[in-house]
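Student: Residues per chain, in single letters:
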Amino acid sequence: MRRRSSTRVRAAVLAARLLCAALFAFPLLFMFVSSLKPDTDIFKDIGSVRAFLPVGDISLDNYAGVFDTVPAARFLLNSLGISLVTVALGILVNSMAAFALSRLSWRGSRLALSVVIATLVVPFETFALPLVWWVDKLPWLTMNGLRLTWSTGWLDTYRVQVIPFVANAFSIYLFYSYFQSIPRQLDEAARVDGAGWFRIYRTVVMPLSGPAIATVAILTFLPAWNSYLWPLMVVQTEELRPVMVGASYFFQLKVHWGEIMAYSTLITLPVLALFLAFQRAFVNSIASTGVKG
Amino acid sequence: MRMSAKRTLRWGVAAALVAAAAACGSDNAGGSSGDSLTLWTHNAGNPQELAVVEQIAADWNAAHPDKKVTVRAFPQAAYNEAVVSAATAKKLPCILDTDAPTVPNWAYAGYLEPLDIPDDLLAKQLPSTVGKYQGKTYSVGYYEAALGLFARKSALTAAGVRVPTLEQPWTGAEFDQALQKVKAGGKYPITFDLGTGDTGTEWWTYGYSPFLQSFGGDLIDRTSYKSASGVLNGDKALAWATWMQGLVKKGYSPQKSSADAFADFVNGKSAMVWSGIWNSGSLSKVDDGVVLPPPDFGNGAKVGGGSWQWAVSSSCPDKATAMEYLRTSLTAKNMAAFAQKQNVIPASEEAAALVPGWQPGGEKRFFLDESKELAMVRPPTPGYPYLTTTFAKATQDIVAGGDPKQILDRAVAEIDRDLKSNDYYGF
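Read top to bottom, the protein sequences are chains A and D. Quick note, the first sequence lines up with residues 1 to 293 if you use our numbering. Quick note, the second sequence lines up with residues 1001 to 1427 if you use our numbering.
Read the hints as simulated data drawn from the structure, not as lab findings.
Coverage of chain A stretches by chain D, computed from C-beta distances (three or more under 8 Å per stretch; other residues unrestricted):
id, segment
1, 37 to 51
2, 63 to 70
3, 132 to 145
4, 236 to 243
5, 252 to 263
Which chain D residues face chain A? A few, computed with CB under 7 Å, are given here:
id, residue
6, Ala1044
7, Gly1045
8, Arg1072
9, Ala1078
10, Glu1081
11, Ala1082
12, Ser1085
13, Ala1089
14, Asp1260
15, Ala1263
16, Asp1264
17, Val1266
18, Asn1267
Each residue gets a CB set at the ideal place from its N, CA and C atoms; glycine is no exception.
Bound-form chain A, shown alone:
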């Protein structure tokens, strides 16, 4: 009797899981299947199960159209580079800032932490325009032959898409919270062995912060990959644009939905692959730090 009821519960749980999986998978399936159909077929099939099936006039024409309309490979490469560099620098800079706030005792550290946390409530859109003005005034060192010279203005470069997003209040707070949970006795033991602050950061605290690093990496990567407004405002050269700006190439007066679906498939694949590869670390980090993106 008990076995029968537990089988029923298991079946119900499985059904619920399948339903959830289907709910999340169907938009992706629709996107992929539609990327293989001409526009008229996409709209003809909507409203029936055919919308999720590769039936009718199936071809890779939309993918060919994508590469005719946008330099998709270039945009993908740009986004990959920008996102990875932002993640790598973000982990370094934000963990160091959090370490200083968590471990170093200095006057005003609590106030500094409060100010950092307070910046979380300011939406990016409110200071985006002033930021454009500022980045155009910033200096940069460039090689001119064998001479180093100063230039002014970061507009229309890769660095303007990376550096403003390296320091991140949320990442600092995440690292800070995690560092607080690491016993200070470990620092003290290292100090007895003659370690300085940087060595403690490098050899004691960071190696124990895997889940926090994974969370920050993922939470930094996604907005960097999805960034749209900022590159639109600061980048004018096509060769420097990221994938999301490329998506807006397709919204002309005559919209080609099949090509949009093909492009969406292409730009979703790297993120999906990344998620599948780091699925376990992602779930663990979300569970251990209690945040979600």
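Fit chain D to the given chain A structure using the hints.
Tutor: Then chain D, alone, in the frame of chain A:
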């Protein structure tokens, strides 16, 4: 385990620094330099039109090697944001294209310079391809666009309805009767698709304000440009709003169309669809497809006028060259090239004569004649961005079934408040 984590961290830091150095070193500054002018266009993602823009620039560059023009293309959906950001950083290009209704706002904001183009050259243009504000010309286009009522002739014939012409469009009553009869035939799930699936603000104004103007209303009082009172909430505007709402209430139009109403029309889901010349190339997929003028609701049939036009920025260090570029590029050959590559109306008769189908009697001619006779430009005021947002929101609320009087009164109050708080934008 710890050693491996340490090594990973070390490699991570090293990789970050190397990658950062690589990223930051990939410098590619934009903007104008001493011997070249930069030109911005909204055509990224539209290779046909971009090819013509690039060809015009290439022709110029061949003739003026000391004053070359560099083309930078942006996606249309994000173009205005890019221009406004560049204006903030004082990095506007010398030559830029702009959607016609935006011109007064950018002129008022000081982004644009009045154009120095001879009147005899401008006189050849379709009036709606010249962007004016406060009596000065700020922009000029190589082409125009227009809307039309795309229909299946068989649906009209079966319903026993007269096929309207530009000379004799349907009256409001005739159109209502046509809708009634086609719907009664029961062949099409949608009788008349307004295309409400397009959530872009400008479509709602470009597409539906001509109906309001045909009823006798408008977005703003064009005698003073200081209030919308009376024109957007008067009896005529109320009649328009009731009619728009009635299309949905009577089951002629869906409250929200699909994302591509024209594809539905091609697939036989609708008998008629309100759409633009950009879809006319797909009309051949419908055996008996025709393009008709909009109905005349009492104040003349109307369509929206003003498409993409070209301007010179006020911050351009070499305005004379930029003006010369525009002046010399306004040739029939260039205008014809745009009309050959895509579905747009050539901006002059001279250009129309060069493109098959656009001559009098040609199969595309309808749109040129319609544009000449029925086009009404959107209100040339710097307050237009607020007008269009408010009007689009009001129209969406009306179509969704809200109380037309309340919605229009609220829209008028909001528009008047904006006009007042901006000192009536210089009017």
